[in-house]
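A.B. asks: Listed below are the residues making up each chain.
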Amino acid sequence: MATKPAVLLVDDNPADVDLTRDVLSRCSCPHEIRSVGDGAEALAFLHRSGKYAKEGRPDLVILDLNLPRKDGRAVLAEIKADPSLKTTPVVIFSSSPTQRDIRGSFELGANSYVTKPGNLQGFVSTVTSIGEFWFGRAILPPRKNS
Amino acid sequence: MNGSETDILLVDDSPEDVDLALHALRRENLANHIQVVRDGEEALDYMFCRGQFASRNPDHQPRLVLLDLKLPKVDGIEVLRQIKCNPHTKIVPVVILTSSKEERDLVNSYDLGANSYIQKPVDFDQFRDTVKQMGLYWMITNQSPLANGASHHKGAGR
Amino acid sequence: MTVEAGTARAASPPPAKSKPALKVLQLEDSLEDAELVARELRVSGFDAVCHTARDPQQFRLEVRAFRPDVVLADYNLGQWKGIEGVEILRQEGLDIPLILVTGALGEITAVECIKQGATDYVLKDSLAKLPIAVRRALKEQQLRRQRKEAEEQLARSVKELARSNQDLEQFAYVASHDLQEPLRMVAAYTQLLAEKYEGKLDEQADKYIRYAVEGATRMQTLVQDLLAFSRAGREEIETTETDCNTVVQQALWNLEGAVRGRSAQIRCGELPTVAANSAQLRQVFQNIIGNAIKFHGPDPPRVRIEAQRKNGEWEFSVADNGIGIAADRNQDVFAAFTRLHTRDEYPGNGIGLAICKKIIERHNGRIWVESEGGRGATFKFTLPVQNQLPGKPQEGKQDNGDQTSGAVSR
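For the record, the sequence lines run as chains A, B and C.
Position one of the first sequence corresponds to residue 1 (our numbering), numbered consecutively onward.
Position one of the second sequence corresponds to residue 1001 (our numbering), numbered consecutively onward.
Position one of the third sequence corresponds to residue 2001 (our numbering), numbered consecutively onward.
Derived by calculation from the structure, the hints in this document are not laboratory data.
By construction, the Cβ of each residue, glycine as well, lies at the ideal position given by its N, Cα and C atoms.
Warning: the hint list may mix true and false statements.
Each pair of labels, with its calculated beta carbon distance range [as the list claims (entries may be wrong)]:
1) C/Glu2169 with A/Ala77: 28 to 34 Å
2) B/Pro1058 with C/Ala2327: 46 to 52 Å
3) A/Gly136 with C/Ala2258: 29 to 35 Å
Computed list of lysine-lysine pairs in BS3-like fashion (alpha-carbon distance at most 30 Å, straight line) [claimed, not checked]:
4) B/Lys1090 with A/Lys70
5) A/Lys86 with B/Lys1132
6) A/Lys86 with B/Lys1090
7) B/Lys1132 with A/Lys4
8) A/Lys4 with A/Lys54
9) B/Lys1070 with A/Lys80
10) C/Lys2380 with C/Lys2310
11) A/Lys4 with B/Lys1120
12) B/Lys1132 with A/Lys80
13) C/Lys2148 with C/Lys2159
14) A/Lys80 with B/Lys1120
15) B/Lys1073 with A/Lys86
16) B/Lys1073 with B/Lys1101
17) A/Lys86 with A/Lys70
Construct the entire structure; sequences and hints are all you get.
C.D. replies: Below, the structure is given as structure tokens:
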């Protein structure tokens, strides 16, 4: 059963979410995209608890670092410590360019770290690059049955 | 160019695939220095500065490891396991680049911490193109966790 | 004494009530001598209160309880020498002048006593000199106290300033960091508006949108500059063994668009390996080389990067053939937000070189420029030589053989 890959986008800035969705939708590779606005919601979604009970498990998570309610770093740590979630690739997508955050994320098991460019053109080309690689070239781990 | 640091460690025992990959990577000017090793033991010797690579500086990790799974001496999964279990090397991005289609390999790789998994296309042109796109993503879009790693901010702010 | 209202004050000495009260502790075993000294002090205008002590224990008790302003010590006190009172004062942590008032004392011994800490000495048969000695000693003590207080005040001010500075830096950092996201929203969405509606609304609208986009993108680079400037001063400098050749290559990679766009020729000599934060060093090279390309003259930019070992440091130079900098403004270019040109002439916020300066100075180096208007510029900076490990080649070779630097290769 070939289903389109599903990506969970975690970002508290609706403007960034809209733009990311927009750019990703223009990618050549079909996919589904869901988004949540804070770290606690992200984990609820991934654990399919509460209102997310009927959601499918995403094949890829694009995760911002500075999030309300639960910080992105904590979300990353939880995902990678959870045997049922740790194989899900997590791409950190954050405006922080500091070595501390980059290295720190990889230490916690992030699959990739991408800095949000400041200008529109850069943002568009970067998100395009993310979409084309992760949906077009990389093979994502198979979905586990619930 | 003075490339005292390795940008990419390419682990593959197929000479044709190595040639194609090198060609694709060099064409895009993605790396100053690409180290090629042909089996799992050499790969581990390289990463852990042993054997023929004993004089290598352990502080200089490659920015990216491209790892085939079917390797002589020590297989790719074991190489991956050792790299990702060792605190000194676990942050180095490892991209599996293999012809294997087996789900078991896919699951094991991600489970052991592979950063991503790519299946080698059979077609030469597609292979080159895949390596190019993979290289562009991992050397430019992705930020390196290594202290000495330059951030290639092409297309980003400043 | 009557005081006539409204008259000017007489020039005569002030009335009795304003005599300075003086607590005197005498180290003396002769009551007569003690009385003589006390009388001498009173006669010369001191409202002196005198206590006496004749041995160390008594002295110590009196010093603690009486707290004299001055100690007058006889030299010979039987078993004890009055000069040892200095040591007791020291032990008590008290800064009280001790003046030896004594019988015949050889010159040599007098000098010895002063070396041991006595403030002065007066011979008993020249007691007239005592009041002057006391006044002088008290004056010196007062000056000492004032100076100490001034130093403490200075130390407090410095500490306060450092804290305030840190607060400001923190503020600048947080402000510029937090400003980035909303700015990005404004910049991105005004640009999207421009893209989506260009030509579909009227000319006015196009113009408004264009101004908005311009303003937003300018704000963005400004905030990014502020953040970079702020970071250059904040982040822990983690230095590693850094190969400058690689760093320059990385900088050139990032400048590829500009290099190609202006057909710039970059030549780089052999550069050394130094202890530095490689990302920050890359930023320095990137800013300087970027400027060299940006501020080009009529010819395509030519840039030459070299390093020389000089006076125990590495001196790097980046020379260009661009428009140069007026000799009297060579210093100014490193000041934050200083721009020598209008925005129409050259873009930029004037912070790139300030960032370079901050980075180099945090690496214990110096940075400067040698230039005249119209004749290119050579930016130079120094970095300390890394502690060398045996067996590792560290010396940078000279590119042009005619320059000697006295470098010794291992």
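A.B. asks: Does lysine 1101 of chain B lie within 30 Å of lysine 1073 of chain B when you go C-alpha to C-alpha?
C.D. replies: 21 Å, holds
A.B. asks: Assess, step by step, whether the Cα of lysine 1070 of chain B is no farther than 30 Å from the Cα of lysine 80 of chain A, and give holds or violated.
C.D. replies: Holds, because 27 Å separates the two Cα atoms, which is no more than 30 Å.
A.B. asks: Starting from lysine 4 of chain A, check that the Cα of lysine 1120 of chain B is at most 30 Å away, please.
C.D. replies: Roughly 21 Å separates the two Cα atoms, so the pair holds.
A.B. asks: Using the beta carbons of glutamate 2169 of chain C and alanine 77 of chain A, state whether their distance is inside 28 to 34 Å or not.
C.D. replies: 30 Å, holds
A.B. asks: Are the Cα atoms of lysine 80 of chain A and lysine 1120 of chain B separated by 30 Å or less?
C.D. replies: 27 Å, holds
A.B. asks: Holds or violated: lysine 1132 of chain B with lysine 4 of chain A, Cα cutoff 30 Å?
C.D. replies: 24 Å, holds
A.B. asks: That 46 to 52 Å hint for proline 1058 of chain B and alanine 2327 of chain C (C-beta), does it hold up?
C.D. replies: Check passed, 49 Å falls within 46 to 52 Å.
A.B. asks: Within a Cα-Cα threshold of 30 Å, do lysine 86 of chain A and lysine 70 of chain A meet the stated pairing?
C.D. replies: Holds: lysine 86 of chain A and lysine 70 of chain A sit about 18 Å apart, inside 30 Å.
A.B. asks: Per the hint of 29 to 35 Å, is the separation of the Cβ atoms of glycine 136 of chain A and alanine 2258 of chain C within bounds?
C.D. replies: The hint (29 to 35 Å, Cβ to Cβ) holds, given that glycine 136 of chain A and alanine 2258 of chain C are roughly 31 Å apart.
A.B. asks: Given the hinted pair lysine 2148 of chain C and lysine 2159 of chain C, is their alpha-carbon gap at most 30 Å?
C.D. replies: Holds. Lysine 2148 of chain C to lysine 2159 of chain C sits at ~17 Å (cutoff 30 Å).
A.B. asks: Lysine 86 of chain A and lysine 1132 of chain B: Cα distance at most 30 Å?
C.D. replies: Distance of about 28 Å is within 30 Å: holds.
A.B. asks: Holds or violated: are the alpha carbons of lysine 86 of chain A and lysine 1090 of chain B at most 30 Å from each other?
C.D. replies: With Cα atoms ~15 Å apart, lysine 86 of chain A and lysine 1090 of chain B stay inside 30 Å; holds.
The earlier numbered hints are all upheld by this structure, with none contradicted.
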